[in-house]
Structure formats: C-alpha cells, structure tokens
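Chain by chain, the residues:
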Amino acid sequence: MRGAALRADAEVVLQERESGPNRRLRLRVEGWPGGAPGQFVMLSPGPVQDVRQDDPLLPRPMAIFRELPGSPPEVEILFKVEGRGTALLAGALPGQRVRVLGPLGRPFDLPQPSDHVVVVGGGTGVASLFGLVRASRARQSVVLGARSADDLMARADFEACPVDVVFTTEDGSLGERGLVTAPLERLLAAGDVARVVCCGPTPMMRACAERAARHGVPCTVSLENHMACGFGVCLGCAAPTPSGRYALVCRDGPVFDAAEIAWEGLP
Amino acid sequence: MIAASEVDTRVDLAGIPLRNPVLTASGTFGYGTEFADFLDLTRIGGFVAKSLTPEPRIGNPPPRIAEVSAGMLNAISLENVGVEAFVAEKLPALPEGVTVIASVFGTAPHEYAEVCKRLAEVPRVAGLEVNASCPHVKSGGIEFGQDPRVLAELVRVVRGAAVQPLLVKLSPNVTSIAEMARVCEAEGADGLSLVNAVQAFDVDVETRRPVLRSPTGLGGLSGPAIRPIALRMVRQAAEAVKIPICGIGGISTAEDAIKFLLCGATAVQVGTANYLDPEAAGRIADGIAEYAARHGFPRVADLIGALEAWPV
Chain A
1 MRGAALRADA EVVLQERESG PNRRLRLRVE GWPGGAPGQF VMLSPGPVQD
51 VRQDDPLLPR PMAIFRELPG SPPEVEILFK VEGRGTALLA GALPGQRVRV
101 LGPLGRPFDL PQPSDHVVVV GGGTGVASLF GLVRASRARQ SVVLGARSAD
151 DLMARADFEA CPVDVVFTTE DGSLGERGLV TAPLERLLAA GDVARVVCCG
201 PTPMMRACAE RAARHGVPCT VSLENHMACG FGVCLGCAAP TPSGRYALVC
251 RDGPVFDAAE IAWEGLP
Chain B
1001 MIAASEVDTR VDLAGIPLRN PVLTASGTFG YGTEFADFLD LTRIGGFVAK
1051 SLTPEPRIGN PPPRIAEVSA GMLNAISLEN VGVEAFVAEK LPALPEGVTV
1101 IASVFGTAPH EYAEVCKRLA EVPRVAGLEV NASCPHVKSG GIEFGQDPRV
1151 LAELVRVVRG AAVQPLLVKL SPNVTSIAEM ARVCEAEGAD GLSLVNAVQA
1201 FDVDVETRRP VLRSPTGLGG LSGPAIRPIA LRMVRQAAEA VKIPICGIGG
1251 ISTAEDAIKF LLCGATAVQV GTANYLDPEA AGRIADGIAE YAARHGFPRV
1301 ADLIGALEAW PV
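In order, the protein sequences belong to chains A and B. Here the first sequence stands for residues 1 to 267, where the numbers follow my numbering. Here the second sequence stands for residues 1001 to 1312, where the numbers follow my numbering.
These are calculated hints, taken from the structure and not from any lab test. There's no promise every hint is true.
[Said to hold, decoys possible] So, partial list: chain A residues that the calculated Cβ filter (under 8 Å) puts toward chain B:
hint : residue
1    : Ala4
2    : Asp55
3    : Arg99
4    : Asn225
5    : Phe231
6    : Pro240
7    : Ala247
What you are looking at is a predicted structure, and each value in this text was computed from that prediction instead of being measured. Backbone N, C-alpha and C define an ideal beta-carbon position, used for all residues, glycine too.
All chains, please: the whole structure from these sequences, using the hints.
Okay, structure coming up:
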C-alpha cells in the first residue's frame, strides 16, 4: 500500500525556460509526503487565482522530475508548452500558487544493482526517468532522444549522473542523427541487458518494447495518457490489455510491463 | 447574524435524510474510497456511486475523454464492477456514517429491476438513482429518457422492484424536460436528478477523426459549460412537479450550488469539479452554510425555491 496523496495549493519558487518550448517549474509543497521515481502529480492549468477559472478546466498530469528536501520540501516539474493549459502554467510566477495533487500512481521497481539496464527517454518522457536513473544502483545506459538539441530537456541533469548517456536528435543537432531505437538496438545486441525502461511518445515506447522483446529482454514503460482526475475515477486514461480489459494509467500505472499493454489499441 | 456553524444544513431528499444538500454525481466519484486521501466523506451530504449493471461492464476503447471549452466530453460507456462486487467489496470498504445512493443502469427495464432487487436488502444503500440516459435498443437506440412512453415504462418497472427511495436521473437531450419530469412523478418516482451530460461531439482536425472512440463518436458534455442549461431545466422541472429535485450540471462553487437551490432543487450533485479538486464538494457544502448565515437563513432548506421575481 502506497502512502497517502496530498492536495495542496503549492507556491511557485522557480519558473524558468529549460530549453526550446520546455519549462522548469519548482514548487514548495507544504506537507509533501514524498514520492517515488515514476510517480506523477496533477497540476492545475495555470495558477490558482481568486477569480474562478473554468477554461481550460482540467488539471494536467506531470511527472515528478525530482524532489528537493527541505521544510517544506520542493518538487520540480519539467514540462513542454504545447497548449493553453501549459501556456498558463508557464506564466505562473514565483509567489503564485498552483494546485498539486500527488504523489500519484505506481512507481518504478528499482533494478538489481548487478543488472545492466537501458533507460530510453523521448520528448517529455525524459522527465519521468530522471528519478529512476538517480535512485538506481544498477549499471545504466541512458538513451535520450528529441526532435532537436533545443527540444531536449534535462540534458545537464543527466550528464551530471554517473551513467553513460547517448543522445539522438531527428535533425542531428545533438548526438546521433535519428531515433532512439538505433542505439537501443546496439545495446541490446551486446547481449547483457537485463531490462529496458522506456518513457516517451506511444510509437517510440511500442518500438522499444518490440525490440526488447525480440532480444528476449523485459521492458518497462511509463505511459502518458490524457486523464481528467489522476486518481482512478474519471476512467479516461484506460489502456487496453492483451486480455481485452482496460488498465487505468493513473491507478494501475503509469509504470507497466510492456507485455501488460495491447499497443495497437492505445491512442 | 448567525454563525455558519449554527445553520441547520439538513435537507430531506425524497425520503433520504442528508446532513447537507451536497452530493457527488454518479460516474465522477468512483465508489467513494478513491477520495479517502482528499475528503472526509461525512463532510458532504453523501455520494451517488458509479452506475451498476447486473454484470460487470468493460467500457469503451480510448480515447474516452477530451477537453473542450469550459468542460469535457466523455464516452466511458458505464464501465463498472457489477452489482455483486459493489455489495461484497465496495460498500464494506466505506467508513461508517457515509450516505450512499446507488446508481442503477441496464440495457432493458428488467436489468434495472434486477439491480434494484439485489440492493433492496442492503441497508448501506440509502437510495436509488435510475440512470435513464442509456440508449434503448428496442426503440432504435434512443435513450430511455428521451421518449416519454419508454421512460414511463422504465419507471413503472423499476418502481415495482425498488425498496429504497427512488430518484430518476433525467437526460437533458429532450424537447420538454417538464414533460419527462411529470411522467416520472406520475409513475411513482420519489424524486428527480437532473441533468445528465449533454450529448456532444468534437473532431480532431489533425487526424480528421472524432476525438472520442465510442461507436458513434458521440460523448457527454459536462462541466461549467452546461451549467446555465442545467439551471434552466431544473427550474422548469421544479415548476412542473411536486417531487423533490437534485440539481446537477457544472457545479464548481458554493455560488453555483446556491443557484440550483434557489431554482427549486432540494439538493445538488457535484460532478466534473471532483476531478479538478477532490475536495470540491466539501468546500461547496461549507460555502452554502456560510451563505445561509450571511443572508440570515437559519436553515439551508429555506433556500430551496427562494428565487425572487423582478417587480412587475
């Protein structure tokens, strides 16, 4: 049984440009119970204000990028500005308040220290993986992909970790030109990989899961479906399973074994 | 001037005693336990659980939800654990003192009756709410709640099977809500809940597909976008019948809830707002008591139908 989640109006302490369209948001959360790598929060679309704001309406699920101890503790979120909700969130200034619900969801299982684990992140999925990479004692090879160098988030954070990091960009502006699957395939071919862990766009996760399966390597994914609530009541984040049922990304995930997902039915 | 804590917040909804008039709407509150981290369930009047069918239902493929201006669309298709699992697992997990109304659903009147009969001997269920917004196969897929004769038959059958107080939840997708309200009253419903989600549609222009993957692409619109429509319908229904009404539709604040009470609702249900803020219903209940105190109403029940007319 996981610890209780918190609902709080948290104070913005940092709001800055991360890279390209990406932002870094740090929140001071009174009473934050502490999350585990892979868990997420729901954030209000923009700051909470005295006047009512009905549009946009729904909170946004965001990975916990990292937590900073202190009293009160701080929670850091990396997000991409891609719609009205995230544009408003990008305008939340230090001192303003943002509604936080969390920590939510099933976290990653930490791998065995003796294992070689390949961690693959693409787009905003990179933010879900940093906590795992920092907490894990396994030998880790990290592959991070983005459209271009400017789109890549958390590059310096990963480079500061004692792990091998390979970058891929579609335009070749950083690291290898192409997709994350090319370096993943090379790492899998070496034959000593115990597990692949992946978070990014659905086609990327599906491709990584298929490649891992071809090498007989288990794959863990962290899904990024839309959801309205984050705690198992709206049933909007249903992910189809091979048995013909649905798992809820918020409650049963976001972390799943890739074999638990019927990929062809995922939007 | 009285204090908010001195206001008598109790109301009687069709024979269901409530500690305050704020319920939460079926389909937006799970089976109650999901809110345990965020809200003391004895702080609100009660909750209406996810609609129950005789057997478990799996629901539609994703995408099931989409955001629209000041609201959201959903096409979940009544995924639920089934009435047996509700009685055996979900109800016992709830703390004492929580008022539970079961929402009942089926694809034919006898299925509704079956669920009502199963719940008849379950003392934790304080009332029943009939979800009449399902497409009725025999009448060409139109909702039970869209044809007065089909609705009358449903209420008649369910009335015969129900032991607890019986609310009928009305669809807003009708020409005359007053006519539907009168039909339910004539067939013996103890109260009405309105409105359910407004039938709606949206398109993703990048994929040129419906945003939702329900068989028709249609979904239900909920949230603040529908509130003035819901308020109009509650007012028209309240003028048409004597049985009590539970107002539903985009209620996010105490002010919203008070509008429904003033228009004749005995209680309200908070729906989509539970997603944004799982504490919303508690906050709304507190706010109603504060309003009553500020305006000198010793009882929240005194607000029901207290809408003032313009001088002529």
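Practice item. Could you check if A/Asp55 really has its C-beta closer than 8 Å to a C-beta on chain B? Key: 4 Å, holds
Review point. Are A/Arg99 and chain B close enough, Cβ to Cβ, to be under 8 Å, as the hint says?
Key: 7 Å, holds
Check your understanding: Does A/Pro240 pass the interface hint, meaning its C-beta sits closer than 8 Å to a C-beta of chain B?
Key -> 6 Å, holds
Exercise for review: Let me know if the C-beta of A/Ala4 comes in closer than 8 Å to any C-beta of chain B, holds or violated.
Suggested key: Check passed: Cβ of A/Ala4 comes within 5 Å of chain B, closer than 8 Å.
Review point. Against chain B, with CB atoms and a cut of 8 Å, does the hint on A/Ala247 hold up?
Key: 11 Å, violated
Review point. Given A/Phe231 was flagged as interface, is its beta-carbon under 8 Å from a beta-carbon of chain B?
Key: 6 Å, holds
**Study point:** Interface hint status, A/Asn225 versus chain B (Cβ within 8 Å)
**Key:** Holds: closest Cβ of chain B sits about 7 Å from A/Asn225, inside 8 Å.
Consistency with the previously given hints fails for number 7 only.
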